[in-house]
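Asker: Here is what each chain is made of, one letter per residue.
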Amino acid sequence: MKKIASTLLVLGLVSGILGACGTNGNNENSNSPSDSSANPTNESGTSSNENSAPAKKDVTLSYLASQDWIKDSEMKLAEKFEEQTGVHIDYQIVPSDQYSNVLKAKMAAGEAPDIFGGQSGKFDLGPLYDVENNAVDLTNEEWVKREDPLYIEQATWNSKVYALTIWDPSSSWIMVYNKKIFADLGLNVPHSYAEFLAACEKIKASGVTPIYEPVSDGWHHVLWFPELGVRYQEQDPGLADKLIKNQEKFEDAAVLEQSLTQFNELTQKGYFGENALSNTYVDTEKNMAAGKYAMTLYTIGLPAQIESAVPGSHASDYGFFPIPLNDNQDLNVNPAAPSKFISSTSKHIEEAKQYFAFLAQPENMQYYLDNEPKFTALNFPGVKAKFNADQQEFFDTYGKKTGTVYQTAINYFNPQWTDIGKDMSAMMVKQLTPKDVLKNIDKRREQQAKTAKDANWK
Amino acid sequence: MTKRMYPFYFIAIALVFYLVFAVIPSLMGIFLSFTDWNSYSRVTHFIGFDNFATIFSSDENYLHGIKNTIVFTISTIILKTVIGLFLAELVNKKIKFKNLHRVLIFMPAIIPMLVVGIIFKSIFNPEYGLINEALRTIGLGQWTQQWLTDVQWAFKSIIAVDVWKGTGYIMVILLAGLQSISHSYYEAAEIDGATAMMKFRFITLPLLLPALTVTTVLNLLYGLKIFDTVYVLTNGGPGYTTDVVYTQVFSQFSLGSYGVGTALITVLFVIMTILGYVAIRLMSREEYNG
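Taken in sequence, the protein lines are chains A and B. Once you know that position 354 of the first sequence is 354 in full-length UniProt numbering, the rest is easy, because the numbers rise by one and skip nothing. Once you know that position 8 of the second sequence is 8 in full-length UniProt numbering, the rest is easy, because the numbers rise by one and skip nothing.
Extracted from the complex, chain A is given alone in its bound form (with noise of 0.2 Å):
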C-alpha cells in the first residue's frame, strides 16, 4: 500500500515538473515570434504619423516606479493603448521609501524594466539614474517641443532629453489648513514664523494636533528644508551658486540652519504631535477630513482629494498659504518631478516610445488631467487646466514671486534625500542636531562630487 502511494507521489511530482517544463517551453516557442516581428504595420487608433502602430502584438513592457507616481488615469490610459496596440504595460509600483534602492539594485544586477521611472533634474540624471548607460536618448521625440521648456531642462542631461515629464506645475508643496478650526479659534492666516508659532500654540491648546507630518514614510518631512529654496535666495543672494561651486557648505549657511532649526522647534513643542513618526502619507485625506489635525504640508490639490476620498467632507474648508519657516512669504517651485525613461537595455524600445507618444497626444493628457483629482494643470500648453476660486486666489497672493527649490537648484542634493529624512528623523528624536544634519548633507555632497570626478570638489 505504501509503495503504491509512494509512487503515485513520485509520478505525480515529476508530471508536475514535466508539465512545468512544457508550459515554459512552449511559452518561449509562442513569444519568439512576436518578439521578432518588428516589422510595424499603420494602425487607425494612432494620430501620429511618425510614430506608426505596430499591428497588435504581445508585448508586455514592465514599468517599475514609485508609489504615487502613477495615477489611476494613466493606468486607465494604459488599457486604451493595449487596446489599440496589443502592448501590454504591467506596473510595478514600489513602496516610496525603497523606490531608489530598488531601482539601483535592478540596474545593477541586470535586470532593468523595459520603462523606469524618476525624479528629473538637471544635476541627478548622470550621478542618480547614469541616464547615459541606463536610458534612451528621447530628444528627437514630437512632444519633446510641446512640453513645457522649464520641465525640459530638467530632463536634459549634456544636451539630450532623456526623460518625459507629466505633471502638474502647480504642485508646489505649501501649507493647507483647514478654515473652519481656524475660524473657530479666531486665527488668521499666518504671515510670519512667529505668528505660526503663535497659531500652532494656540491650536494645540485646543486640543487638535496643529500639523500633520507623516514621517514614517521617510520623504515627507525633508520637504520642509529644501522647498524654501525661493526664501535662501531671497535671504542671502547668491548662495546657491556658492553651494554649487562648492565655495560654501551647508555647515556655515545661517539661513539653512535657520530652517531647519525652526523645523526642529515645531517638533520639540510638540506640534507634529504624538504619532508623527508613524504617520503615514496615504492616511493624510482621512486624518485632515476628521478635524484632529489643523494643517499639513500637501500640494494645492489636497482639498479635493478630501472631498473626493472622504464622503460629507467639502474642498471649499481648506485655505492655502506659503511653508512659514524663515518667514516665507513666496512660492517655491520646482519644474523637477517625476518623470519616465525608457531603459537602454529594454528590448522593446521602439513600443515604449509609442507608449509615451501616446500618453502626450493632447486629447490623452487632457483626459489624464480631467481624470486625476490631485492635479489641477498639466506642464503641456493646450491643456486645460481646473482651478477653482481658492487655488485662483493663492496664486493670486502668493504667486508673483516664485522660485526653484534647492533638491533641483543644488546639485548633489536629491540623491540624498533619503538620507537626509533619517538624519531629520534623528533629528527629531533628539539624535542629531540641526548643524549635525547640514554636516552630514555636507559629507554625502562630498563623497557624490568626489566619485564623480566634479572639479570644484577636490
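It is worth saying that the hints were derived from the structure and are not from the lab. Take these hints with a grain of salt, some might be off.
What the hints assert, rightly or not - Far from chain A, some chain B residues (derived; all Cβ distances over 12 Å):
hint: 1; residue: 70
hint: 2; residue: 138
hint: 3; residue: 139
hint: 4; residue: 172
hint: 5; residue: 179
hint: 6; residue: 180
hint: 7; residue: 270
Claimed, not checked - To spell it out: a stretch of chain A is covered by chain B in this simulated footprint if at least three of its residues, at any positions, have a beta carbon under 8 Å from a beta carbon of chain B; those stretches are:
hint: 8; region: 101 to 111
hint: 9; region: 267 to 277
hint: 10; region: 426 to 437
hint: 11; region: 443 to 455
Quick caveat, the model's predicted, so the values are computed rather than measured. Cβ coordinates follow ideal geometry from the N, Cα and C atoms, glycine included.
Add chain B to chain A, keeping to what the hints say.
Answerer: Relative to chain A, chain B alone:
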C-alpha cells in the same frame, strides 16, 4: 585510510558549480572590498584598507550597526533558547490538544517575514494598533508606547517580533532532543528522590546539549545576518537607532558606494568565520565525547 569507492572526477561537475557560484564570488567580494567600486565610474581602483578605515572611524555610524547586530544576536539566542526550551517542555507533557499547540507555536516560522512585518507594523501602530488599543481597553493606557518609533523601544520591539517568529522553530528542534532522552533516567532519578529542578539540571540539560549546540549555532548565524526583520519594521529608524550591518550595507549600495558596502560584508564575514569555527569545534568535540 579507507579505499576510495569512486574516482575523483565523479565530483568534478559539482566542484565546478561550487567554485563558480560559491568560491569565486566570495573571493571577488573580498577583493572588491579593497577597491573604490561605485556606481558613478566604470573603472575600479585598488585602494587598500581605506574602506575599512572608513568603517572603523569614529565619524561614521558603522560601529553602531555592528554593535546592534551583536546585541540582536546575543539577545535572540538567549530568548529563543530559553522560551523555546520552556515551550518544548510544556508540549512534551501530557496536555490536551498537544499537537494543536505544537502546530500553533511553530506556525510563525512558516509565515514570510514581509507578511510578519506588515502585520506587526499594524499591531504596533501607536494610534489604533492592537497592543495599544488592548492596553487602553483594560485601563493600562499609561503603558502604551510608540513601539517602533520610540528610541527606547524600537530595537526591543524588533527583537520581540523576531523571537515570536523564531521560537517555534527552536522549540521543534529541542522537542526532538527531549524526546530522544530515555525515560528510564527520570524514573531512576525519581527513585533516588530527585526534585523536578534536579532532574532538569542533571538529566535534561546535559543530554540536551547536542540539540542546544545546534540551535545556538543556527541562532548565531541567523542573528548575525539579520536584515529582513529590521528592514520591514523600521528600516533602521527612527533616525539610525535600529540600523544593523546589513541595513547599512543596503543603504551604502543604494548610495552607490559598493566598495564600502562589500567591505562591511567582509567584516561580518570575518566575524562569522571566527564564531562559526569556534562553534564547529565545540560541536565536533561533543561528537567525540558522545
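Asker: Hint by hint, say whether it matches the structure.
Answerer: Okay, the hints, checked on the actual structure:
1. Residue 70 of chain B, annotated as away from the interface, keeps every beta carbon of chain A farther than 12 Å; the closest lies near 20 Å.
2. Look at residue 138 of chain B: its CB is around 21 Å from the nearest CB on chain A, clear of 12 Å, so calling it non-interface holds up.
3. Even its closest Cβ contact with chain A, about 20 Å, leaves residue 139 of chain B beyond 12 Å, as expected for a residue assigned away from the interface.
4. At roughly 24 Å, the least C-beta separation between residue 172 of chain B and chain A is larger than 12 Å, which holds for a residue marked as non-interface.
5. The beta carbon of residue 179 of chain B sits about 24 Å from the closest Cβ of chain A, which is more than 12 Å, so the claim that it is off the interface holds.
6. Annotated as non-interface, residue 180 of chain B keeps its C-beta farther than 12 Å from every C-beta of chain A; the closest such distance is 25 Å.
7. Even its closest Cβ contact with chain A, about 24 Å, leaves residue 270 of chain B beyond 12 Å, as expected for a residue assigned away from the interface.
8. Taking a C-beta to C-beta cut-off of 8 Å, the region 101 to 111 of chain A contributes 4 residues in contact with chain B, enough for the three needed, and the coverage statement holds.
9. Residues of the region 267 to 277 of chain A lying with their CB closer than 8 Å to a CB of chain B number 3, which satisfies the three-residue condition for coverage.
10. Figure legend: the region 426 to 437 of chain A, annotated as covered by chain B; annotation consistent (6 residues with Cβ-Cβ distances under 8 Å, at least 3 required).
11. With a cut-off of 8 Å between beta carbons, the region 443 to 455 of chain A has 6 residues touching chain B; three or more are needed, and the interface restraint holds.
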